[in-house]
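Novice: Residue numbers (numbering that gives the first Met the number 0), protein chains in the order written: chain A, 0 to 357; chain B, 0 to 357.
I should point out that these hints are in silico values taken from the structure, not numbers from a laboratory.
One should not assume that every hint holds.
The list makes no distinction among identical chains, and a pair is therefore deemed to hold if it is satisfied within one copy or across any two copies.
With a cut-off of at most 30 angstroms between alpha-carbon atoms, the simulated BS3-like pairs for lysine-lysine come out as follows [unchecked claim]:
id, residue 1, residue 2
1, K279, K249
2, K350, K279
3, K241, K109
4, K109, K284
5, K309, K228
6, K249, K235
Spelled out, the chains give:
There are 2 protein chains.
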Amino acid sequence: MSQLKNDTFLRALLRQPVEYTPVWMMRQAGRYLPEYNQTRSRAGSFLSLCKNPDLATEVTLQPLARFPLDAAILFSDILTVPDAMGLGLYFAEGEGPKFERPLRNEWEIKNLTVPDPRDHLGYVMDAVAQIRKSLANSVPLIGFSGSPFTLACYMVEGGSSSDFLQTKIMLYSRPELLHHILEINAQAITAYLNAQIESGAQAVMIFDSWGGALSHSAYREFSLAYIEKIVSGLHKEYDGVKIPSIVFTKGGGLWIEQMAAIGCDALGLDWTIDIGQARKLVGDKVALQGNLDPLVLFGTPERIVTEAEKVLESYGHGSGHVFNLGHGISQYTDPENARILIETVHSSSRKYHEVSSQ
Amino acid sequence: MSQLKNDTFLRALLRQPVEYTPVWMMRQAGRYLPEYNQTRSRAGSFLSLCKNPDLATEVTLQPLARFPLDAAILFSDILTVPDAMGLGLYFAEGEGPKFERPLRNEWEIKNLTVPDPRDHLGYVMDAVAQIRKSLANSVPLIGFSGSPFTLACYMVEGGSSSDFLQTKIMLYSRPELLHHILEINAQAITAYLNAQIESGAQAVMIFDSWGGALSHSAYREFSLAYIEKIVSGLHKEYDGVKIPSIVFTKGGGLWIEQMAAIGCDALGLDWTIDIGQARKLVGDKVALQGNLDPLVLFGTPERIVTEAEKVLESYGHGSGHVFNLGHGISQYTDPENARILIETVHSSSRKYHEVSSQ
Chain A
0 MSQLKNDTFL RALLRQPVEY TPVWMMRQAG RYLPEYNQTR SRAGSFLSLC
50 KNPDLATEVT LQPLARFPLD AAILFSDILT VPDAMGLGLY FAEGEGPKFE
100 RPLRNEWEIK NLTVPDPRDH LGYVMDAVAQ IRKSLANSVP LIGFSGSPFT
150 LACYMVEGGS SSDFLQTKIM LYSRPELLHH ILEINAQAIT AYLNAQIESG
200 AQAVMIFDSW GGALSHSAYR EFSLAYIEKI VSGLHKEYDG VKIPSIVFTK
250 GGGLWIEQMA AIGCDALGLD WTIDIGQARK LVGDKVALQG NLDPLVLFGT
300 PERIVTEAEK VLESYGHGSG HVFNLGHGIS QYTDPENARI LIETVHSSSR
350 KYHEVSSQ
Chain B
0 MSQLKNDTFL RALLRQPVEY TPVWMMRQAG RYLPEYNQTR SRAGSFLSLC
50 KNPDLATEVT LQPLARFPLD AAILFSDILT VPDAMGLGLY FAEGEGPKFE
100 RPLRNEWEIK NLTVPDPRDH LGYVMDAVAQ IRKSLANSVP LIGFSGSPFT
150 LACYMVEGGS SSDFLQTKIM LYSRPELLHH ILEINAQAIT AYLNAQIESG
200 AQAVMIFDSW GGALSHSAYR EFSLAYIEKI VSGLHKEYDG VKIPSIVFTK
250 GGGLWIEQMA AIGCDALGLD WTIDIGQARK LVGDKVALQG NLDPLVLFGT
300 PERIVTEAEK VLESYGHGSG HVFNLGHGIS QYTDPENARI LIETVHSSSR
350 KYHEVSSQ
């Protein structure tokens, strides 16, 4: 990783010394940026944007042209894998992702197969390679996927849900069917993330957006166990360089000790947990990424500074912290407020990384 | 409370010895019961049902006629207080609660006043008195309200929200305005719950449905602090009988130690926390109510029994546990599955309350 001009993000994930706390923002390439909305309207739709490597590269780089971010993240969707399985991903205006062919019958579940990422997901690999080239070793590129359980929720429900009724009916009445979906998903995601690494991703993140809807015991059995399978199957190094992995279960604050034990390098945290308390719980097992409430960015400049500094202070001295929001940045955010946040993190964090205090 | 034929629920809340673990279900009077749907269609709408003491009494008693539940809960809505403040509560079909006049301007917030519960909320007090009389000392009656923060979310947003954007914009940019709403709400809810106690409620519960959307520090400042004010202002006894209070923040599992310190008698838990771990954290400060995932009731009978027994076993021996779901029962639940749950809790819990094992 020495060829990178700025490898602060990777060093923080590996809990190696850094000069300041690196920062990136979930959904940093997105609708709060006017330049993103222009590219998206040229693409025609969100999905066309994801599937066009030139345009995906363009929007991935947009926030980096504006702000001194410490990492880029592939512009894509968390549901590309089930789309490649043939479920037919589409976006109804204002309604979020949907599948044309959700899993409704046992035979559909039994017929699921692991897609070859180089084949049906070639557009993602092309985007990764092109973004990596365009970044020209400025900052590292993060690849990502949804988690097996989160994908399964969408695959079974056919779209978003407030309570995941169909998924949980399956979980409590036909658990073996859900386990079958999760097993296929875990294999598919492992292959998908490894292909992203081979195409140029320098870190990978697994988004478990809906694991937090599960009971504590169901979380272990139906979400974390399959994330662990993926993590154990990921390339730990590629081309002689370590590839850190980040696991983020939104609403998973109660389970971080278990999560820290599955072999990943870092955990993403939402804003409900105090990051300092989380650090005490996980010890030196993993780095932590987070965890500002994204709606802090609607506060006054003074408030944004204060709240960002509270997170830095709570984490305290030493490496192992990647600053981020606790969830994606809101589409209504003023980009200038994102700038205030990023600059605050860079300037206010230096004192926590002075050698004498580590 | 000695005149009650079954005071198991009240004794468990006060951590006094019981013979078995008492059980009731959030939203036990509701749409999963065909008799409820009949009464509701007679009433014309959900709100007419809430505002008609005869019909509210009828539906409150329906689940008790079917099942051996250990408590009744007032049939009402969590948003009656802001309705009494003049915001105009209504229910758009399939959309949840809305307000005709949400708080949009500073002067509207400054003009908020505490409603007299005997006046604008007289229909609730009439329902409480009538239900209490109809129960004829069979089981205790629970009164309730939404929490100050949860009411404020609806008052500011004007309805449900996935991210509470308007409320959080106020929180981070004009916190003094939100504090003013919360202060008025806390005073109004204290008066409202005390009036329910004076009308016959034998325990009270505060539903903080949306506190879990806050960051850990904002939760303390904008939700828990105001719940604490209410709890400290509640009648602790009425007519010489103790009135236990239950506080439930959905998604509040990370904060239960703070919650246990505010002076309430019990905490409600959703299904994301292991109730045995929660018991270790709160010690003998409070009783615990919960915490089965309501969607377990879509499982096979065997699965329902197994999952209920897991909760009982996790809590372990001794009093201080009120069995409940971690959230309201789903409208799609088969009532026979609710019966399986209730009977399992009654029969399987006896071994945890044998004197030799306490």
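Novice: For each hint, tell me whether it holds in the structure or not.
Specialist: Consistency of the hints with the structure:
1. For the identical chains of this complex, K279 and K249 are neighbours both inside a copy (19 angstroms) and across copies (25 angstroms), given an alpha-carbon limit of 30 angstroms.
2. Taking the closest pair of Cα atoms, K350 and K279 come within 30 angstroms of each other only inside a single copy of the chain (20 angstroms); across copies the shortest separation is 37 angstroms, beyond that limit.
3. Taking the shortest Cα distances, K241 and K109 never come within 30 angstroms of each other, neither inside one copy (36 angstroms) nor across copies (57 angstroms).
4. In the homo-oligomer, the alpha carbons of K109 and K284 never lie at most 30 angstroms apart, since the shortest distance is 37 angstroms inside one protomer and 50 angstroms across protomers.
5. In this homomeric assembly, K309 and K228 come within 30 angstroms of each other (Cα to Cα) only across copies, at 26 angstroms, whereas the closest approach inside a single copy is 35 angstroms.
6. Taking the shortest alpha-carbon separations for K249 and K235, only the intra-copy value of 24 angstroms comes in at or below 30 angstroms, while the best inter-copy value is 38 angstroms.
Hint compliance for this structure: hints 3, 4 are not met, and every other hint is.
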